[in-house]
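A.B. asks: Below, each chain spelled out in residue letters.
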Amino acid sequence: MKHTKSVWFNLVMAVLVVLLFVQCTPATPAAPAEPTKAPAPGEATKAPAPAEKVKIVYWSMFSEGEPLMKALDQATKDFMVEYPNIEVETKWAGRQVLTQLQSAIAAGTQVDIVDHSDDRVLNAIVKNGLALPMDKYLGEKAYDSDKTWGETFAPGVLDLGKYEGKSYLIPRDDYISAFFTNKAMLDAAGVTPKVSGMTWAEFNTLLETLKSKNPDVAVLGADGSVGFYNNWWFSYLAVRLAGKDAFRDAAYDKTGEKWGAPEFLKAAQMIRELQDKGYFQEGFEGSVWPAAQVKWVNGDVAMMFMGAWLPKEMSEQMPQDFKVGMFAFPDIDGGKGNQIVEHWSNAYGVLASTKNPDAVATYLKYIMSKKVGTAIANLFVPVPLEGVPVPPALANQYEILKTAQAMPARAGLNTEIPEYMDNVFNTCDDQFFTKQLSPEEFIGCLKTESKNYWAKK
Amino acid sequence: MGRSGRQRMVIPFILPAFILYTVFFVYPAVQAFWVSLHDWSGFGQNMVYIGLGNYREMLKDTIFWAAFRRTLYISVVGGIGIFGLALFFAQILQRNLFGKRFFRSLIFFPMVVPGIGLGLIWQFIYNNDWGLLSGFLKLVGLKSLNLFWLAPDHIIQSLTVAIIWSYVGYYMTILLAGIDKIPVTYFEAAVLDGASEWKMFFTITLPMIWDVFVVALVLWIIGSLKIFDLIVATTFPAPPTSTYTLSIFIWVQAVGAYTPVYRLGYATALGVVLLLMVVISVGFVRLVTRREAIEY
Amino acid sequence: MTTQTAIEPKKPAQNFRRRSWLSNIPYYAILAVWALITVIVFVWVIENSFKTNREVFKDPWKLPATPLTAAVANYTKAWEVSHMQVYFMNSILVVLASVLIVVAVSAPAAYVLSRVPFFGNSTVTYYFIAGMGLPFQLILVPLFVMLNKMHLVDTLPGLILVYVGVSIPFTVLLLTGFFKTLPVELEDAAAIDGCTDFGIFWKVMMPLGAPGLITAAIFNFISIWNEYLLAMLLINSDKLRTLPLGVMNIRYSMQYTADWSALFAAVVIVIIPNFLLYGLLSDRIMSGLTLGVSK
Chain A
1 MKHTKSVWFN LVMAVLVVLL FVQCTPATPA APAEPTKAPA PGEATKAPAP
51 AEKVKIVYWS MFSEGEPLMK ALDQATKDFM VEYPNIEVET KWAGRQVLTQ
101 LQSAIAAGTQ VDIVDHSDDR VLNAIVKNGL ALPMDKYLGE KAYDSDKTWG
151 ETFAPGVLDL GKYEGKSYLI PRDDYISAFF TNKAMLDAAG VTPKVSGMTW
201 AEFNTLLETL KSKNPDVAVL GADGSVGFYN NWWFSYLAVR LAGKDAFRDA
251 AYDKTGEKWG APEFLKAAQM IRELQDKGYF QEGFEGSVWP AAQVKWVNGD
301 VAMMFMGAWL PKEMSEQMPQ DFKVGMFAFP DIDGGKGNQI VEHWSNAYGV
351 LASTKNPDAV ATYLKYIMSK KVGTAIANLF VPVPLEGVPV PPALANQYEI
401 LKTAQAMPAR AGLNTEIPEY MDNVFNTCDD QFFTKQLSPE EFIGCLKTES
451 KNYWAKK
Chain B
458 MGRSGRQRMV IPFILPAFIL YTVFFVYPAV QAFWVSLHDW SGFGQNMVYI
508 GLGNYREMLK DTIFWAAFRR TLYISVVGGI GIFGLALFFA QILQRNLFGK
558 RFFRSLIFFP MVVPGIGLGL IWQFIYNNDW GLLSGFLKLV GLKSLNLFWL
608 APDHIIQSLT VAIIWSYVGY YMTILLAGID KIPVTYFEAA VLDGASEWKM
658 FFTITLPMIW DVFVVALVLW IIGSLKIFDL IVATTFPAPP TSTYTLSIFI
708 WVQAVGAYTP VYRLGYATAL GVVLLLMVVI SVGFVRLVTR REAIEY
Chain C
754 MTTQTAIEPK KPAQNFRRRS WLSNIPYYAI LAVWALITVI VFVWVIENSF
804 KTNREVFKDP WKLPATPLTA AVANYTKAWE VSHMQVYFMN SILVVLASVL
854 IVVAVSAPAA YVLSRVPFFG NSTVTYYFIA GMGLPFQLIL VPLFVMLNKM
904 HLVDTLPGLI LVYVGVSIPF TVLLLTGFFK TLPVELEDAA AIDGCTDFGI
954 FWKVMMPLGA PGLITAAIFN FISIWNEYLL AMLLINSDKL RTLPLGVMNI
1004 RYSMQYTADW SALFAAVVIV IIPNFLLYGL LSDRIMSGLT LGVSK
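Protein chains in written order, with our numbering: chain A, 1 to 457; chain B, 458 to 753; chain C, 754 to 1048.
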């Protein structure tokens, strides 16, 4: 009798196990909300506050204690005072917010707004059909301007948030990549770089002058530990020499052979030349971020190629009298891709599942207004709205954008094929940049790894 | 034997653990296996069933194989380092040394600091500009030995050293426990026979703690294949491709932690492979080390 | 009635272990080197927390110039950003609850699996143990979805239940191994004395098994205390964060601004409670681990 009982016990267990195998689909996310009636465009009044209390949830890329977090937090509190019917719940999740969002969406948790770099938000929610197009709201009146919301943005900026013709992302702070210099040091050496359109020869002269005037200072700074900083050098030179389209074609080429074009080898050789001439700081290959930047503010490195977040990032460490200069990546004689600059942003994305799109839009219009934009800009953060002052260190950013053609980061490859960039491009480039591979070997690496990558797809 | 009443105990005794384990671990794991058969970003509902497609892709994925090799490196080299040191320390700490408990506690101490914290410390130690290691070498004039500890060509070795330092205390303690229980009479007899200390180690100590040793080895294999926190924290803000072990690679592919790559289906398949690695290694070790239990 | 079980590992005839002081020296030397390295590392961390960023960077070997002002600045910043009290309390709460529950449910299961023959015994045992190899990254999304249905996301009880679930395999393995070594005769004696089966379990085997339970508790304490991945997934609210999450959070806030001296201060703040806890309990921990494994 005991034996039968055990048999039953084990049968029940077996059945349970089988049931587990069968029942396996993840939960469905909440159905998208019905759109509420929107006010007619061109209305003179502020966006109407909702009649009853609504709650919207914002998951942020910032952690508590970050300067920008404090500014946004204050702005949110002010917003809630002005619009008492809209409650904004913020979670300061930090840079891993999209990871947590992944699970939250699958579980149907309410999240209305999320922010991060535009390529990440694009890949996370826009490409998966989970984002709300904001075109309608961009056509409405802005918070503190007579123009429409969309018109208050600097020209071209809204393109950063477009996908398949619709505006999904609202850029909050936008950046270019350029050389950031210790302006005082350059002035002392009698060097005034052209903000945009410098030639490669002029660039080399500049480097030599600096080197001879300041033998104890490294002219160029780099942190070899960061793959997506290292790859700037090759991607810019490749685009300069071969043109943006050729660069993209080479990456998408399933045989990998297009990397064999002479321009790419030349780009690699030019980088190796710079390294061999000793322009980079000693030990850059093993330098761990943010060491090189710190050296820059301490006067041990003259300039770095970096994104325009650099002054903001180093603001607390900067000595009082530190002046920042900025100039665009030089052009190459005969190059097919001159006068092109990378342009990207940190952007807000709205989840299509939101039940209160109007409230969300009202909130975002408030944040992306001259008033709040100015508060943010005071933290050295560039906000692309008209009437918002440009942080002094980035004065040249918009000048460069005026003359150069904008392209997304790494010619758009970061957003379109991030896995390729990670597994092929950065893998080979890291080894090349830290001098483990010669230029020829580097090209060989690109060819082979490209082929392998596309073959496994 | 009139112990048949014990059968009644079986279900109620096992049930709580069974339920908790199944609900909070097995059920999600089984769903994960299901996910591994799909191409899915992890966002939204568009899961595409591709059967074994992810696994086929893995076979051709050079990054996967590199990660696989690195994982094995850490496991094997780290294991040799840890167990070599652990056995050595355990043997030494047998003796009646002054401050024995102090040393045991000190060696064990890194285990109570979260891996996230240890990684931070190690990143600072390995810093070439102002880190402890480079600073020390410069101080004693051994500047030529100063390498770029965290550059791609050395980082795995540096990480392995950090791992060994951090975990040796844990395994030493387990082995020490095993050694402690060996009756002294064996050693006394051997001493009378004129055996040297290290001869005794190999002929008496090692065989007698074999069971414990195997348990510790299995624990290490499972743990080493999964090491995550320490590597992530040492390579902050983002682990470079040269440090990808399987668990880091899974993480990077799954959740877009550092680059906007969201491939939950593929990452889960990688996880299944990791699980297989664990099962096979453990099985292999137990097969190879099978011996008669020594009764005394 | 309880048999006399040796609690201390038998200290043998002293003359065997006591060697001539001289022959111990090389071993002292090696231990001293290792200890020195460990101590230097932690002293270095503490020292750097008393410096300003420039000093950290420029003169790694010089003593801090303005230790007090720099320390005040660093530690206040670290303390403010780190919310250490909150994180520490949360960690203690979560770990204690998880450890208690895990041992409480695993012990009976392990007892039955190791000593009661029944059909499917080995299957169930393997079922429990197989979970040991599973990497947590696999179960992140399904786990979140399920917990969300139960309204347990971003709650400490939810985290505790998850920790219990994932710790059961190891604990069951440890305890079954342990219980197998306990003598059967005692049980039989107790049965003859008229004890019920449950009584035998509770009054005889548990006291005997105490060392093993303590060991299991300690091992679990250590791994859950340090756990990061699952906590990161399930906890968003700052007031519920555990210590490892707190450390990562601090890094994000501070390393982005290259505030290294404050980071050092933060590390010290994280280590101190661990250190105190460990200092008070290390003897217990060592003996607990030793006992459990040795028996």
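No lab work stands behind these hints: they were computed from the structure.
Misleading hints may appear alongside valid ones.
[What the hints assert, rightly or not] Partial chain C-side listing against chain B, Cβ under 7 Å, derived: (1) TRP797; (2) TRP832; (3) VAL865; (4) ASN979; (5) ILE1024; (6) PRO1026.
We put the CB at the ideal spot given by N, CA and C, even for glycine.
A.B. asks: Among the hints numbered above, which are violated by the structure, and what are their numbers in rising order?
C.D. replies: 2 and 6
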